[in-house]
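Participant: From first to last, the protein sequence lines stand for chains A and B.
Note that the numbering used here numbers the first sequence so that position 158 is 158, with each residue one more than the last.
Note that the numbering used here numbers the second sequence so that position 185 is 185, with each residue one more than the last.
For the record, the hints were derived by calculation from the structure and aren't laboratory data.
One thing to keep in mind: the hints can contain errors.
Looking from chain A toward chain B, a few residues come up when the C-beta cut is under 7 Å (computed) [unchecked claim]:
no., residue
1, Y38
2, L75
3, D99
4, R105
5, V107
6, L109
7, H115
8, D116
9, P167
10, V178
Partner residues aside, some chain B positions facing chain A, computed with beta carbon under 7 Å [what the hints assert, rightly or not]:
no., residue
11, M24
12, A67
13, S72
14, L79
15, G241
16, G245
All C-beta atoms in this analysis are idealised placements derived from N, C-alpha and C, irrespective of residue type, glycine included.
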Amino acid sequence: MDWGELHEQAKQHVRRTLRSADPSTVDDLAREVAVRLYRLAQRDPRARPGELLAALAQVVSRDHVRRRMGARGLLSAVADGGAPLELPPPDPAHDAAVDMLELFRFVVLEHFRQHDAASHELAEAFFEEQSWSNVARRLQLPTHKVIRRWSDGAAQVRELAYTQRGPVWEWARAAGIV
Amino acid sequence: MSRPASPNAHEWALRQLLAYSAGMLQEDELLRLEEHLGTCPDCRSRLAPLKPAAGVGAGHLPASLIATWPRSSAQLEGLERELVEAHLADCEACRATITFAGHEPALSPAADAAARGAGGSAKAARSSRVWMWALGLLGAAAGVAAWLLAAHPAALRGAGERVLGLSRARTDVTFELALDSLTTGAIRLPQPGFRDTPSRPLEIGVVTNVSGVVFILPPALQPPTPEAGERRITITFLRDGRELGSHAGPFYALGDAIRLRPRGRLDAGDYDLRFALAPETATDPPLVWFYRMRLR
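Chain A with its partners taken away, still in its complex shape:
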């Protein structure tokens, strides 16, 4: 597979969707598309990244529009269906390049992976959207205890979030999620 060619095609798709995006934003988003496709191909050798390119470029562009709208903008409905999207002006206070919600989830999981194996297992299950009853069955615990444990783990992270500096924690505090 020619990843360089795929990256160029991703740029074209992003440029078509976000006509007002500057070249560096287009390049960042095209690279994000390529990274996602690369991961897909690594996971499933039967996957055909070329066939998914257009749809993924649309998703990545739409997500970027939401990020530009700030934390609350993540919940906004953004038009779907391949039409060009209006890109809000950049906010000098924060860089929308990184999906902070995704990075926050990663930091939570990694913190638990290193410090608290039981909470790590619950965090993985929560983010994979496994049902509480399934997790409870696997852990051989009543469902309400599993939910209580997960909630206690979240309380640990909230406490941590108020004593830490750095963009992830600052974003979480500003977004009101901790």
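Dock chain B against chain A, hints included.
Facilitator: Just chain B now, with coordinates in the frame of chain A:
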């Protein structure tokens, strides 16, 4: 048939979606929101784009971070930086993905460190001018703190807890401040930085209530100015995220060394010692340093 959500319940649910997606709701809120999601297609559709990308576990570095790695990784600070660094050391897949994206699979130097480097000389010069008289004042202040702690330990501890608004009992370990740094068996804490990831803990040995363990504080944990000495510092000793003991008080009161004394013998295993220094201004976040330590 499911009952439609009331407008108030819907408004409330909309405000919780982001925290729910991050896994940060409290138990009662979590249950209430999940019940609402079962009846509200609007909330479900708004939640859908917030979910982790299909097929890629949230336990790997986000694609958006990897795509912009040189500048985004430079922005990471403190614990988040340590976590990313530790993950990178362990995860071959993420290193390979960063390389695929055309970047070096290593964190870029921290942006704030670079900024410090640029203005460091002037700052150091300013600091050195106040050091000489600050040292005398700090010595006296540490002496007063030591006397206060010895004579009125409950009063000092109570004051710290009121400031933090904490009321829970913490009896597993206590802290003694402003000790002599020449105390036998004292362990010198390294200068805090972001290189000491939790995978490289300090080897401490056995810790009992007889002599506890004494830590000699590095320069970063001693106030450079009298003003800085007035800032509040909170020391917390944790195991698996559970607080075993905490002390809050003025920065100057730490002195050169502190002793951590458990009630009995601490179990073998990994512990964290956290120092959280209150910010200089109300708008700044606190500075936090972690030391991971391994006890036998």
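Participant: Broken hints, numbered, in rising order?
Facilitator: The structure conflicts with hint 16 only, although it agrees with all the remaining ones.
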